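Chemist: Residue numbers (numbering that gives the first Met the number 0), protein chains in the order written: chain X, 0 to 304; chain R, 0 to 697.
Be aware that a few hints might be false.
Stated by the list, open to error - If we take Cβ atoms under 8 Å as the criterion, some of the chain R residues that face chain X in the derived model are:
1. Val-30
2. Val-32
3. Phe-33
4. Leu-36
5. Arg-327
6. Leu-548
Hints listed in this document are in silico derivations from the structure and should not be mistaken for laboratory results.
Note that this is a predicted model, so its numbers are computed, not measured.
Think of the CB as a built atom: it goes at the ideal place given N, C-alpha and C, for glycine as much as any other residue.
Listed below, chain by chain, are the residues.
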Amino acid sequence: MPVLGSSAIPGARFVDPAVLARIGNLELVARSVVDGFINGLHRAPYFGASVDFAEHRGYVPGDDIRRVDWRLYARTDRYYVKEYEADSNSNFSVLLDVSKSMNYGSGGATKLEYASILAACLTYMVHRQRDRVGLVAFDSEIVEHVPSSAKHTDVVLHVLDRIKATRPGSLHAPLRKLAEHFGRRGVLVLISDLYEEPETVIDAVSPLRFRGNDLIVFHVLDRAELEFGFTDASSFEDVESGEQVPVVPDTFREQYVSLVRAHIDGLAARFSEARIDYAVLDTSQPLDHALFKYLTTRERLMRVR
Amino acid sequence: MAFLTPLFLAGLAALAIPVVIHLIQRERKQVVVFPSLMFVRRIPYRSVRRRHIRHWALLLVRLSALALIVTAFARPFVPGTTAGAGGAGAREVVILLDQSYSMGFGDRWDRARAAARDAVNALGPADRGTLVLFASRAEVSLRSTADRERLLAAIPASPPTAGATRYAPALQTAGSILADSPLPRREAILISDFQRAGWRGAEGGRLPDGAVLTPVVIGGDAERLNVAVSALSMSRSAFAGLERVTVTAGLLNRGTKPAASVAVRLEIDGRPAQTQQVSVEAGGSAPVSFAPITVSGNPVRGTVRLQDDALGRDNMWHFVASPAIPLRVLLVDRDGASGRASLYVARALSIGDDPRIDLVQKLAGSVADDDLRRASVVVLNDVPVTRSLADRLGRFVESGGGLFATLGPRATWPDPRESLLPVVPAAPVDRSRDDAVHVGALEYGHPVFELFRAPRSGDFSAVRFFAYRAVAAPDVERTSGSAPGQVLARFDTGAPALVERRAGRGRVLAWMSTLDLTWGDFPLKPVFLPFLHRAVRYLSAYTEPAPWLTVGQVVEPAPTHGNLEPGTWKPASAAGAGRVALTPSGRTLALDDEGADVLELEEQGFYEIRPQASDAGAVVVAANVDVNESDLSTIDANELAAAAMGRAAGATGPDAAPLPPTAEAQERAQRVWWYLLAAGLLLLCAESILAARLSRFS
Numbered sequence: 000m001p002v003l004g005s006s007a008i009p010g011a012r013f014v015d016p017a018v019l020a021r022i023g024n025l026e027l028v029a030r031s032v033v034d035g036f037i038n039g040l041h042r043a044p045y046f047g048a049s050v051d052f053a054e055h056r057g058y059v060p061g062d063d064i065r066r067v068d069w070r071l072y073a074r075t076d077r078y079y080v081k082e083y084e085a086d087s088n089s090n091f092s093v094l095l096d097v098s099k100s101m102n103y104g105s106g107g108a109t110k111l112e113y114a115s116i117l118a119a120c121l122t123y124m125v126h127r128q129r130d131r132v133g134l135v136a137f138d139s140e141i142v143e144h145v146p147s148s149a150k151h152t153d154v155v156l157h158v159l160d161r162i163k164a165t166r167p168g169s170l171h172a173p174l175r176k177l178a179e180h181f182g183r184r185g186v187l188v189l190i191s192d193l194y195e196e197p198e199t200v201i202d203a204v205s206p207l208r209f210r211g212n213d214l215i216v217f218h219v220l221d222r223a224e225l226e227f228g229f230t231d232a233s234s235f236e237d238v239e240s241g242e243q244v245p246v247v248p249d250t251f252r253e254q255y256v257s258l259v260r261a262h263i264d265g266l267a268a269r270f271s272e273a274r275i276d277y278a279v280l281d282t283s284q285p286l287d288h289a290l291f292k293y294l295t296t297r298e299r300l301m302r303v304r
Numbered sequence: 000m001a002f003l004t005p006l007f008l009a010g011l012a013a014l015a016i017p018v019v020i021h022l023i024q025r026e027r028k029q030v031v032v033f034p035s036l037m038f039v040r041r042i043p044y045r046s047v048r049r050r051h052i053r054h055w056a057l058l059l060v061r062l063s064a065l066a067l068i069v070t071a072f073a074r075p076f077v078p079g080t081t082a083g084a085g086g087a088g089a090r091e092v093v094i095l096l097d098q099s100y101s102m103g104f105g106d107r108w109d110r111a112r113a114a115a116r117d118a119v120n121a122l123g124p125a126d127r128g129t130l131v132l133f134a135s136r137a138e139v140s141l142r143s144t145a146d147r148e149r150l151l152a153a154i155p156a157s158p159p160t161a162g163a164t165r166y167a168p169a170l171q172t173a174g175s176i177l178a179d180s181p182l183p184r185r186e187a188i189l190i191s192d193f194q195r196a197g198w199r200g201a202e203g204g205r206l207p208d209g210a211v212l213t214p215v216v217i218g219g220d221a222e223r224l225n226v227a228v229s230a231l232s233m234s235r236s237a238f239a240g241l242e243r244v245t246v247t248a249g250l251l252n253r254g255t256k257p258a259a260s261v262a263v264r265l266e267i268d269g270r271p272a273q274t275q276q277v278s279v280e281a282g283g284s285a286p287v288s289f290a291p292i293t294v295s296g297n298p299v300r301g302t303v304r305l306q307d308d309a310l311g312r313d314n315m316w317h318f319v320a321s322p323a324i325p326l327r328v329l330l331v332d333r334d335g336a337s338g339r340a341s342l343y344v345a346r347a348l349s350i351g352d353d354p355r356i357d358l359v360q361k362l363a364g365s366v367a368d369d370d371l372r373r374a375s376v377v378v379l380n381d382v383p384v385t386r387s388l389a390d391r392l393g394r395f396v397e398s399g400g401g402l403f404a405t406l407g408p409r410a411t412w413p414d415p416r417e418s419l420l421p422v423v424p425a426a427p428v429d430r431s432r433d434d435a436v437h438v439g440a441l442e443y444g445h446p447v448f449e450l451f452r453a454p455r456s457g458d459f460s461a462v463r464f465f466a467y468r469a470v471a472a473p474d475v476e477r478t479s480g481s482a483p484g485q486v487l488a489r490f491d492t493g494a495p496a497l498v499e500r501r502a503g504r505g506r507v508l509a510w511m512s513t514l515d516l517t518w519g520d521f522p523l524k525p526v527f528l529p530f531l532h533r534a535v536r537y538l539s540a541y542t543e544p545a546p547w548l549t550v551g552q553v554v555e556p557a558p559t560h561g562n563l564e565p566g567t568w569k570p571a572s573a574a575g576a577g578r579v580a581l582t583p584s585g586r587t588l589a590l591d592d593e594g595a596d597v598l599e600l601e602e603q604g605f606y607e608i609r610p611q612a613s614d615a616g617a618v619v620v621a622a623n624v625d626v627n628e629s630d631l632s633t634i635d636a637n638e639l640a641a642a643a644m645g646r647a648a649g650a651t652g653p654d655a656a657p658l659p660p661t662a663e664a665q666e667r668a669q670r671v672w673w674y675l676l677a678a679g680l681l682l683l684c685a686e687s688i689l690a691a692r693l694s695r696f697s
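Excised from the complex, chain R in its bound form:
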């Protein structure tokens, strides 16, 4: 017998005190002086009763009751022996059921569910079971219960999810549940097809020491056809003023037999558009190209679909073909400038279609509010800015627009220190008589210069500058993100060359030289065009709309009160309106108007995100399964189990030595204290009755 709180046993010693005092106590020290004991001596000795215990039964009942109560407080328990073979004790069992889409291959899912039911039915009366469903994430369906009926009911009847397999989250979940369990034996049962793609080492998915992982392999299928759409690409072209997209799908034969004449169908907005036949060798791949489709106006929902085989989820590939939306740039020249003033800038911005840039050129004096409303980026090409233009540009940037300000010899601002510019430009620095300056330090981590990070991807040091504008304000160099500017590039004299500033929801880039041949040969260098394109893309916060995403990814609907265009995957919505997401299965999910909620893509198919009250501004997102999941090659289940348990493979099994339970766990399981306390209270009741009867009798 052991005790959880043995100090309480000290109370037992106190029980003996009154008994000892009573027994050893002689007559009271009080002595009564009496004239004569002549008559006292005559009374027979037995009548002169010494103090001694008369009611032994009553004393024993009292002492026993107190002893039981004191012992109950000491929390006794019978220490369990360490389990040997066929170790005894209740089990904490975590059933990990693989719900990834590869379990939909053939009848794997039915077999997996049957195995889960068998595991539940194998639970003993004292065992507790937990059901964890996992794919790329693990979800506890029912935690630590002895109710087998509930566990059986928790096994999902629906087909597997569209998620891919990740064993680490499931093992971590099982590990935490087993670690918290007070039961002596801990076991995890992993029911899966043990895909190699789902295991990337332990990844932190370790079970507690002594826990056992029992793998249940669902596999060994007969040879089945399994061809998957593994990739898809879209190329754009223009024809007769219309934008066209050519879809090319890549097929992959995961099976061991060749797939002949596999029907591949292209669906546009849910309707079959084209069908082709292709044969794919076993283990091989083959491309399928479809005739171009016209994309105009609204985005097109497309699907490349194969004929059914043993694994249906990888037989389709969804995509959204959106019409290319040009980036609108307003190029502002100074009043009175010749047409050649912005020759190089205009030419550079007119080249390329990724994105395509719609360039509008205006003189400073003729810039209208409408021009600013339509533009995403404004490029000021060495313009003396008036107060009115400065105010309008300020509002433009504050509301999310981008401003590229070229500060050449003529560029001025009405209040430089309070202006939108990230710097206060000073007088030009003339280096025509000296060596030209070059752009030396670049912030390659910035999106503008990230393209030039890799070797031989653009050499800014070849550009020569014979003049530049100095910076008047001494505190221009500050960390990015604050109102003052961040220097993104410097001349080799140390003076800033390109400075960024955020203002409101927009950004401003200040280029301290010209974009023509006046102060240098920048426009003649190869880096000129990509630099301008990167700068303009950055200022416009342009992101390419993703034609598809993968199940498991998260879409973050951004608050849209500016002029983000539909067709991107950041949905626009009317200001103040709530948004909803329609899932491929038809469910409607509410999204927070302020953009705090995220939408996790759990299903394969098309999601539509739109304002709650209208269809305008709806955004379609295509979600495809992880193509790696269609690779059904397996890993050694024992190897995975060994890695999870942290011990050599083979030392597994439910009869392995269980973890010795803690003292607290044993005491909690036995609850001896409860019985002792009850017995003590019963004895106290009996003592009361007995004492009353003896008192009456005496």
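Same shape as in the complex, but just chain X:
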């Protein structure tokens, strides 16, 4: 598979999302991507919920020295290890935006294809961790729902494979409904292009955190949406509403890009306040690379806490 570029991670190969999108077998794609960069790592990253602290116990030789609570040592001058309440078999659900705007792609892969591959990769990774996987596809309402289950990996991949973006969407209604649905704590991954005001997005996603779910938001955007690299004066048509607006890109680009940046910054600030992980994914960048960067960042932050 064409490799977009090497990185500092030895053995890791990052694949052009356009190429991935042309591979018909989503499971194969997911497995290839995930195995591909995991093989290059010393150990597989853990993609799961954060584990709550249970108690301290005295260190005995053979314990993982990384579990030593060094703060307590500083206070007591004695070695204690932390013990957590690990919860195996946690729930993992992908909340996939399949509104019509997700069907856009200026390069080889549309946002939906990119999001589907991402969802498939995450599903596969979580499945390797023996967690329960599920999928919710929505536009203005719930389109598909695969309940979380350890046996639903194939189902999820199958749904992802055939899902289409055909209708206009909105975040508020479906996510509100989903917030009531997810009673059990788990990991919720929202993949959307978030074409709503930041306040509206926060209002829509915040309830998902209320039950203690770990919410991760992947903001998927096409390179054209980020940079507005158009040159010819044209009529721009909203893919969901059909509205047309004449645009002269030469004089329009700068303002548009600044608006997009402001929107992303606004979302980042609000998600940060709400302790929601947020990452912007450019569909022109290698998917595995973006995923790897996110996972390592997440893991580092988990250790800090």
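Given chain X, work out where chain R should sit, using these hints.
Modeler: Chain R in isolation, oriented as in the chain X frame:
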């Protein structure tokens, strides 16, 4: 505003196309499907600029430049109004200055030149003038120029020419110049004494429609004496073996007062020889005869000259008195013929002196080459020609001699079908038992029989022939000028009587009967003598030397490699030598050796034509002015002008309605296209500068 090539204006419509397309064009039909216009809508509308014209000034400059260039190609012009009184517009003026010798009367020539100068000075800044000098012919001295100085310099200072007046050529020349002119107004100014003798109706001398002819009459002179030598005759006589010429001049008093005791002088070779006094009544004429002068050897240059008067050119008459040169004829009889065989022929040829014929009689066997060399014509009187004689006669005719062959009962030729004769003679036809034959059809247009054309000038039908030679060759009758013969006369049986043939530079006449009483009574008839004389003159190509010619006539020097005699006006020259002509004024004109050039007599006086390298064989030609030109009676100038303009007299004058100029002429005069093109190019330069600056600014 009108346009010479209006189709180019269609290009103006094309200028609007890009503007129209630009203005009506909505956003490009290209539609870009975008995920969301959430951010697009936030950008203020004014920033989403529709395509519209921003630099109106630049657009206007471009469109204006292209419009000017396209309009220039359409060749616009402002149509002129038809001129009314005092019509406007530049004039094409042709000044016709009469240069005939009648303008030398008194001070007419000075007044004519002054009038020509006035006409030149009256030309406007936009006018163009042409100076045409004319007498019997018209010559354009300076054509269609606005340079008045050049026109003034072209007015000749020398006296008028010796030519006579002819208005038709001058009017034709003016008409052609005016017809070619693009200027709106066309005018001809005729400066002349308007001699009646110079006008013979329009003669094709018409000006274009709308052109104006302004006559300037040079005349109204005070009464002056004007006696002219109007005629001259010369009669020849012989005295003591010398040829003498008596000159008689006719004088004509053109004035209104009698001329008393007018001195008339006869000059011989430039020296006064005799002087007489004569009085001539006003309007009358009088002859003056001088004592005979001896002419021998070389031609004599003579002049009859009157005392000076107001018109000097008609006061003299030049002439050349040449000694009469006899026509040498060789009469050949058959060997053994009696002296009476050619009695009638010899007698006939010995009579007369116009020309005088020197007759030499020889028998056929005794004809020497020298005899042939000296003779101009050979008459064979029923001679059986030997091969040797036939060859020599052939060379004689080929070199320009004439042969009159009488084909009687004894005449034979060695090879009749290849001989010099125009016919192949057959056996004699005997009509002695039948009715005699007569000469029926004559070619009266031929020089031999031209004399007998008029009624009662000779009756050939009275001549009876009892025998004649038939013609053996069936194709003898052909058109003249070719090797076979031309039948000039026929017997009433249809058989040829006289047949001509040209051979080389000479001619042959074959007479199919006898010139004695053997076969008819021809020698007894009155037509016998003139017939023989005409035949001999024709065969010798004899032409009388003209004692004088008229100015304007043309002399055609003929190539002379034969034996043409000096004293005729066809000059002889050594073979291969160039010839020159000396004019009365002393100029030397070269004449082509092959005779292609002609010499036009332009001056009054004596011309001498001679070989370039020697005086031998020189020919003198006297040239006199046309005597009619001394008649100064005039015609109505307005009548002439009306005839030339083709409209009623009186409707003349420089302010008459000018001819409306053609569209092409107006456009050419205005040249609006040039200014439009220049302005368009300047605007394009400005557009380039403006576009560059706006581009940098934006």
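Chemist: Could you tell me which of the hints above the structure violates, numbers in ascending order?
Modeler: Hints 5 and 6 not satisfied by this model.
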